[in-house]
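Colleague: Here the protein sequences come in this chain order: A and B.
Position 232 (the first sequence) corresponds to 231 in numbering that gives the first Met the number 0; numbering is contiguous.
Position 55 (the second sequence) corresponds to 54 in numbering that gives the first Met the number 0; numbering is contiguous.
Source of the hints: derived by calculation from the structure; they are not laboratory data.
Be a bit skeptical, because a hint or two may be false.
Stated by the list, open to error - Label pairs and their calculated CB-CB ranges:
| id | chain 1 | residue 1 | chain 2 | residue 2 | range |
| --- | --- | --- | --- | --- | --- |
| 1 | B | Thr163 | A | Gly112 | 32 to 42 Å |
| 2 | B | Thr163 | A | Gly188 | 30 to 40 Å |
| 3 | A | Gly65 | B | Asp42 | 15 to 25 Å |
What the hints assert, rightly or not - Some chain A residues flagged as far from chain B (calculated, every beta-carbon gap over 10 Å):
| id | residue |
| --- | --- |
| 4 | Asn59 |
| 5 | Gly81 |
| 6 | Asp148 |
| 7 | Asp166 |
| 8 | Ala179 |
| 9 | Asp180 |
Since the structure is predicted, the reported quantities are computational estimates derived from the model, not experimental observations.
We put the beta carbon where it would ideally sit given N, CA and C, even for glycine.
Protein chains: 2
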Amino acid sequence: MRALLLTSGGIDSVTLAYHLAEKQKLHGLVSFDYGQKHRKELDCARQCACRLGVPHDIINITDIGGHLTSALTNAGPEIPDGHYAEETMRSTVVPNRNAIMLSVAFGLAVAKGADAVAAAFHGGDHFIYPDCRPAFVDFFEHMERAALDGMADVKLHAPFLRRTKADIVREAARLKVPFADTWSCYKGGQTHCGRCGTCVERREAFHLAAIADPTSYDDPDYWMQAVAEHRIKGQ
Amino acid sequence: MRALLLTSGGIDSVTLAYHLAEKQKLHGLVSFDYGQKHRKELDCARQCACRLGVPHDIINITDIGGHLTSALTNAGPEIPDGHYAEETMRSTVVPNRNAIMLSVAFGLAVAKGADAVAAAFHGGDHFIYPDCRPAFVDFFEHMERAALDGMADVKLHAPFLRRTKADIVREAARLKVPFADTWSCYKGGQTHCGRCGTCVERREAFHLAAIADPTSYDDPDYWMQAVAEHRIKGQ
Numbered sequence: 000m001r002a003l004l005l006t007s008g009g010i011d012s013v014t015l016a017y018h019l020a021e022k023q024k025l026h027g028l029v030s031f032d033y034g035q036k037h038r039k040e041l042d043c044a045r046q047c048a049c050r051l052g053v054p055h056d057i058i059n060i061t062d063i064g065g066h067l068t069s070a071l072t073n074a075g076p077e078i079p080d081g082h083y084a085e086e087t088m089r090s091t092v093v094p095n096r097n098a099i100m101l102s103v104a105f106g107l108a109v110a111k112g113a114d115a116v117a118a119a120f121h122g123g124d125h126f127i128y129p130d131c132r133p134a135f136v137d138f139f140e141h142m143e144r145a146a147l148d149g150m151a152d153v154k155l156h157a158p159f160l161r162r163t164k165a166d167i168v169r170e171a172a173r174l175k176v177p178f179a180d181t182w183s184c185y186k187g188g189q190t191h192c193g194r195c196g197t198c199v200e201r202r203e204a205f206h207l208a209a210i211a212d213p214t215s216y217d218d219p220d221y222w223m224q225a226v227a228e229h230r231i232k233g234q
Numbered sequence: 000m001r002a003l004l005l006t007s008g009g010i011d012s013v014t015l016a017y018h019l020a021e022k023q024k025l026h027g028l029v030s031f032d033y034g035q036k037h038r039k040e041l042d043c044a045r046q047c048a049c050r051l052g053v054p055h056d057i058i059n060i061t062d063i064g065g066h067l068t069s070a071l072t073n074a075g076p077e078i079p080d081g082h083y084a085e086e087t088m089r090s091t092v093v094p095n096r097n098a099i100m101l102s103v104a105f106g107l108a109v110a111k112g113a114d115a116v117a118a119a120f121h122g123g124d125h126f127i128y129p130d131c132r133p134a135f136v137d138f139f140e141h142m143e144r145a146a147l148d149g150m151a152d153v154k155l156h157a158p159f160l161r162r163t164k165a166d167i168v169r170e171a172a173r174l175k176v177p178f179a180d181t182w183s184c185y186k187g188g189q190t191h192c193g194r195c196g197t198c199v200e201r202r203e204a205f206h207l208a209a210i211a212d213p214t215s216y217d218d219p220d221y222w223m224q225a226v227a228e229h230r231i232k233g234q
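Chain A on its own, in the form it takes in the complex:
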């Protein structure tokens, strides 16, 4: 397998890049510029590709982003604070985002002769985002088999699908992923805010993995409050 990896520049996808590179299964990286507030993630994806010595395509889909409503786009509302698994986090999603990015990645895989598209979906995403769940991944692969029937054979590879983000942090530590060159924060500041959904999720995952988090946060302690509030709501 030689996989084209969807890479946001966050811990999950950068870790999957290192994981695939170790197995010599990494064809290249593909990232999307969709007008996100946090452009630092694209720099992190580029650094990852450079370090691993693979090609990196950044595809500009800002006009799609502009047509779809989202708190992630420049024109969108404020990014909410809180736990990643809260209902409010849905406002941070471009509708149908994963189907759009995967479809483009499958097209690029055909054009480049890669035989798989890899994505770092993981168990922690399942609560809120239906397009990160095993059912979606299965149906997407079936759909692509029909779409490319007789033209190409491209698999969808999602090895973290049933693992937690803490598992990914542990795998990252094993692979010596440079955490400082991964970016999670949705808010686009100079440092991670520590309050948005992905910052809280990142901080919590390091804690659960019992691995020191080298990230500098503007508000390093907020995550505990968000996790506590989320647990109380869940009871």
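For this one, chain A is given, so just place chain B on it according to the hints.
Modeller: Just chain B, lined up with the frame of chain A:
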């Protein structure tokens, strides 16, 4: 049902626009600017939306087109002459094109509150293009049901899926679709070339429907030769 219709500006999608408008099922049109040589089709789509009094989104995905190889893009090779159902016509396809456009259209449908995406796939497309076949349409709808689970319910409506292009021309005549304001040619000239796959298909469909073709072609008779050659190969 209020459907957002994928509209290229060709006969098939413009006829479907009129067909849905007649039933008061048309929410709006969406078209894609992917760097195609035949930009006239976008003008035809715009005219169709104006005439039917519905909104029209043109989404710029030229950077995707630039990354994917295709004879349809400005940077691509020459457009081949011949019958639409010939193997050579595959070179005119952006890999995974329909999955990409449908995925974006589903995102836009969610953003706009439409409850269906409509597409003018028809039986004549099935020979060459796997991503126009009933199996693809079924899997795509299943995939989207999983992708949007709990967030939105958007159907994929393809009423011409098991009809021929000649059937569509007959339906267009019934609906009084202004044929002069539809565009099929891949080559981007001032008039239809009459030699590329879609021109041959268009000319043949009018012939089979026994309806006078008001289109002006640079080479109005080539289609008969292409059809005859295709039939001989098929024997």
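Colleague: Each hint should be assessed against the structure and marked as holding or not.
Modeller: Comparing the hints with the structure gives:
1. Thr163/B to Gly112/A: 32 to 42 Å: 35 Å, holds
2. Thr163/B to Gly188/A: 30 to 40 Å: Violated: the Cβ-Cβ distance is about 58 Å, outside 30 to 40 Å.
3. Gly65/A to Asp42/B: 15 to 25 Å: 22 Å, holds
4. Asn59: 4 Å, violated
5. Gly81: 19 Å, holds
6. Asp148: 4 Å, violated
7. Asp166: The claim stands: Asp166/A keeps its Cβ more than 10 Å from every Cβ of chain B (closest is about 23 Å).
8. Ala179: Nearest chain B Cβ is 30 Å from Ala179/A, so the label holds.
9. Asp180: 25 Å, holds
Hint check: violations occur at hints 2, 4, 6; the rest are consistent with the structure.
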